[in-house]
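As they're listed, the protein sequences go chains G and U. The first sequence begins at 1 in the numbering used here and counts up by one. The second sequence begins at 1001 in the numbering used here and counts up by one.
No wet-lab data here; the hints were simulated from the structure. Treat the hints with care, as some may be off.
Pulled from the structure, derived: some chain U residues nowhere near chain G, Cβ distances all over 12 Å [as the list claims (entries may be wrong)]:
(1) Gly1075
(2) Leu1085
(3) Asp1160
(4) Ser1207
Below, a list of computed lysine to any residue pairs in the SDA-like style, where the Cα atoms sit at most 20 Å apart [as the list claims (entries may be wrong)]:
(5) G:Lys247 / U:Pro1141
(6) G:Lys218 / U:Arg1031
(7) G:Lys247 / U:Gly1227
(8) U:Lys1289 / G:Ile203
(9) U:Lys1289 / G:Phe303
(10) U:Lys1289 / G:Gly118
(11) U:Lys1128 / G:Ala44
(12) U:Lys1289 / G:Met47
(13) G:Lys247 / G:Ile203
(14) U:Lys1128 / G:Met47
(15) G:Lys218 / G:Glu205
(16) G:Lys122 / U:Gly1227
(17) U:Lys1128 / G:Ala37
(18) G:Lys247 / U:Pro1142
(19) G:Lys247 / U:Val1043
(20) G:Lys122 / U:Leu1041
(21) G:Lys122 / U:Ala1136
(22) U:Lys1181 / U:Leu1210
(23) G:Lys247 / G:Leu94
No residue lacks a Cβ here, since even glycine has one placed at the ideal position from N, Cα and C.
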Amino acid sequence: MTTTPTQRPPITGAAVRPPSPKRPKRRDGLAGWGFFAPFGVLFAVFMLWPIGHGIYLSFTDQSLTGSGGGFIGFANYLEAFGEAEMWQSIGNTLWFTLLSTVPLVVIALIMALLVEQGLPGKWLWRLAFFMPYLLASTVVSLIWIWLFTPQLGAINTVLTGIGLPAQPWLQDPSLSMVSIVIATVWWTVGFNFLLYIAAIQGIPEQHYEAASLDGAGKWRQLFSITLPQLAPTTVVVVILQVLASLKVFDQIYQMMNQVVTPSTQSAIVYIFDAGFTGYRFGYASAVSYIFFAVVLLVSLVQFRITARKGA
Amino acid sequence: MAIATAPRASVREDSIRRPGKPGEKRFGLGRIVAFAILILLAVTWLLPIAWAVATSLQTEADAGSAPVSWVGETGVTFAAYAKLLAEGNVPLWAVNSVLSSVAITLITVGTSAMAAYAFSRLDFRGRKWLYAISIASIMVPPQVLIIPLYYQMLAFNMVDTYWGLILPQVIAPAMVFILKKFFDQLPVELEEAARVDGATRLRVFWSIVLPLSRPILAAVSIFVFIGAWNNFLWPFLVINDTTLMTLPVGLQTVKSAFGVQYAENMAMSILAALPLIVLFLFFQRQIIKGIATTGFGGT
Chain G
1 MTTTPTQRPP
11 ITGAAVRPPS
21 PKRPKRRDGL
31 AGWGFFAPFG
41 VLFAVFMLWP
51 IGHGIYLSFT
61 DQSLTGSGGG
71 FIGFANYLEA
81 FGEAEMWQSI
91 GNTLWFTLLS
101 TVPLVVIALI
111 MALLVEQGLP
121 GKWLWRLAFF
131 MPYLLASTVV
141 SLIWIWLFTP
151 QLGAINTVLT
161 GIGLPAQPWL
171 QDPSLSMVSI
181 VIATVWWTVG
191 FNFLLYIAAI
201 QGIPEQHYEA
211 ASLDGAGKWR
221 QLFSITLPQL
231 APTTVVVVIL
241 QVLASLKVFD
251 QIYQMMNQVV
261 TPSTQSAIVY
271 IFDAGFTGYR
281 FGYASAVSYI
291 FFAVVLLVSL
301 VQFRITARKG
311 A
Chain U
1001 MAIATAPRAS
1011 VREDSIRRPG
1021 KPGEKRFGLG
1031 RIVAFAILIL
1041 LAVTWLLPIA
1051 WAVATSLQTE
1061 ADAGSAPVSW
1071 VGETGVTFAA
1081 YAKLLAEGNV
1091 PLWAVNSVLS
1101 SVAITLITVG
1111 TSAMAAYAFS
1121 RLDFRGRKWL
1131 YAISIASIMV
1141 PPQVLIIPLY
1151 YQMLAFNMVD
1161 TYWGLILPQV
1171 IAPAMVFILK
1181 KFFDQLPVEL
1191 EEAARVDGAT
1201 RLRVFWSIVL
1211 PLSRPILAAV
1221 SIFVFIGAWN
1231 NFLWPFLVIN
1241 DTTLMTLPVG
1251 LQTVKSAFGV
1261 QYAENMAMSI
1271 LAALPLIVLF
1281 LFFQRQIIKG
1291 IATTGFGGT
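Let the sequences and hints guide you as you build the complete structure.
Pasting the structure below:
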């Protein structure tokens, strides 16, 4: 960039014909803003404004019906802090995140390692594991509600077929979260699987050649080459997965048949319920920001842990 | 480099041709176990979809009666599909899904690529700050903004419109980040040569930068498209008019109305999923390549 201005004047002065416009070449001010503008306008209107307006709303008693809107200070926040149901929804969200992230990372890794063994039919495995990720949440929920159905469902049919007791999967409050996690793992593991596939393919072949020259067997290579080389990918996968799991809404809302239940309701379900069933936009905004703070806190902890591991 | 890699390559071929080493047998026990686990996993992952397909090919009576089976007593029937396509709103919802997803993908990738180019190549006042703010906003989950965004839609009269469906979904700072990283790696010489020849910035961007970025643009587009096609929460909130719904939202409303129409529910699920599965079959390699080059795809 710095070399352009010094090179430019002699060229324009000597070779270029007179009608060519001489632009003020010191900076690309106009072009820069021009290129940024389409994104910038949308970003300002549909991202920055809602962020700011949400903060404002959280200090009012605005209702969806249009009534209210007066400034009430920290009342929404104080109410939220004292609301056991809100804390439970955040607790449920963290619990879901933990329950789902572990299998979503471990199973994805195992799948990728197995597929990259060089067994035949690579595209078929990829398709099998990634296909569910292509389904809309509504589709996933429909399929799993059908599979989990107590009397007719495929899962209970199999269970009773092999002599195990049938389970009231989604109906039992102590089982419903686990059921939703099972469906979620099936649904989204394919994305992490692809991240691992890409990473494994990126490991230089020479590492393995050197290792096998030194007489290292497959298992040895797995633990001293593949897994250490995949560590950065695992960090990315875990961070992305935790962020995705914290935002859980669709499956829970759909699989619980739009009924808000204390044992499964996530933070976003709680916000949705407060705003669009309870019509309390001010209060729902306040909870949104409390939850956002939790997300930031979790991310901060994660970065701390990964930074320490890296050092 | 060429000298260094040549001997290694020959060493590698040697070790492959001599399968006598321990653990290098072509059909060793480890390989068989790995294969078995892989098959077990793949079957587990495919069964739910297979079961959904099987259910969709039964009559409602068969699907909903006590001994559940792969094939209903009355045999295979496309009745559920025929009924969905003949009556109801499924074809309309499919059109809405295609229109909104294509629009979201074009706007998102177009504006993100332009902004990324500005951040990568152009020197303008405020660039650093704008970039910092854009990147910081990756941390904000869109779900946290549903309340103020919906309020905004009410104020703009955008509830139950295509605009309201599309515009709030087109902001993807993560894509700006990915594309900027990619543009940073492109050699600047070509662009400078074109500039010397009198090409405008827009021309350089359109005729040099975008063609060079085809693989990453394809990858980014595919993930934006998948996200838009399957998005539920926002379309569910902003669209109440049945004729404007997308497939996932329509499916949800119909599900509540159908009750126990298992065959029809499953048929509708398959119809909604089919376009993306076909897309994946066609673009499998680009998708994996795209993930490898971008580091991560979705948001």
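Checked hints:
{"no.": "1", "hint": "Gly1075", "in the structure": "holds, 19 Å"}
{"no.": "2", "hint": "Leu1085", "in the structure": "holds, 17 Å"}
{"no.": "3", "hint": "Asp1160", "in the structure": "holds, 15 Å"}
{"no.": "4", "hint": "Ser1207", "in the structure": "holds, 15 Å"}
{"no.": "5", "hint": "G:Lys247 / U:Pro1141", "in the structure": "holds, 7 Å"}
{"no.": "6", "hint": "G:Lys218 / U:Arg1031", "in the structure": "holds, 10 Å"}
{"no.": "7", "hint": "G:Lys247 / U:Gly1227", "in the structure": "holds, 14 Å"}
{"no.": "8", "hint": "U:Lys1289 / G:Ile203", "in the structure": "holds, 14 Å"}
{"no.": "9", "hint": "U:Lys1289 / G:Phe303", "in the structure": "violated, 27 Å"}
{"no.": "10", "hint": "U:Lys1289 / G:Gly118", "in the structure": "holds, 18 Å"}
{"no.": "11", "hint": "U:Lys1128 / G:Ala44", "in the structure": "holds, 16 Å"}
{"no.": "12", "hint": "U:Lys1289 / G:Met47", "in the structure": "violated, 30 Å"}
{"no.": "13", "hint": "G:Lys247 / G:Ile203", "in the structure": "violated, 32 Å"}
{"no.": "14", "hint": "U:Lys1128 / G:Met47", "in the structure": "holds, 19 Å"}
{"no.": "15", "hint": "G:Lys218 / G:Glu205", "in the structure": "holds, 14 Å"}
{"no.": "16", "hint": "G:Lys122 / U:Gly1227", "in the structure": "violated, 25 Å"}
{"no.": "17", "hint": "U:Lys1128 / G:Ala37", "in the structure": "holds, 15 Å"}
{"no.": "18", "hint": "G:Lys247 / U:Pro1142", "in the structure": "holds, 9 Å"}
{"no.": "19", "hint": "G:Lys247 / U:Val1043", "in the structure": "violated, 29 Å"}
{"no.": "20", "hint": "G:Lys122 / U:Leu1041", "in the structure": "holds, 14 Å"}
{"no.": "21", "hint": "G:Lys122 / U:Ala1136", "in the structure": "violated, 38 Å"}
{"no.": "22", "hint": "U:Lys1181 / U:Leu1210", "in the structure": "holds, 14 Å"}
{"no.": "23", "hint": "G:Lys247 / G:Leu94", "in the structure": "holds, 10 Å"}
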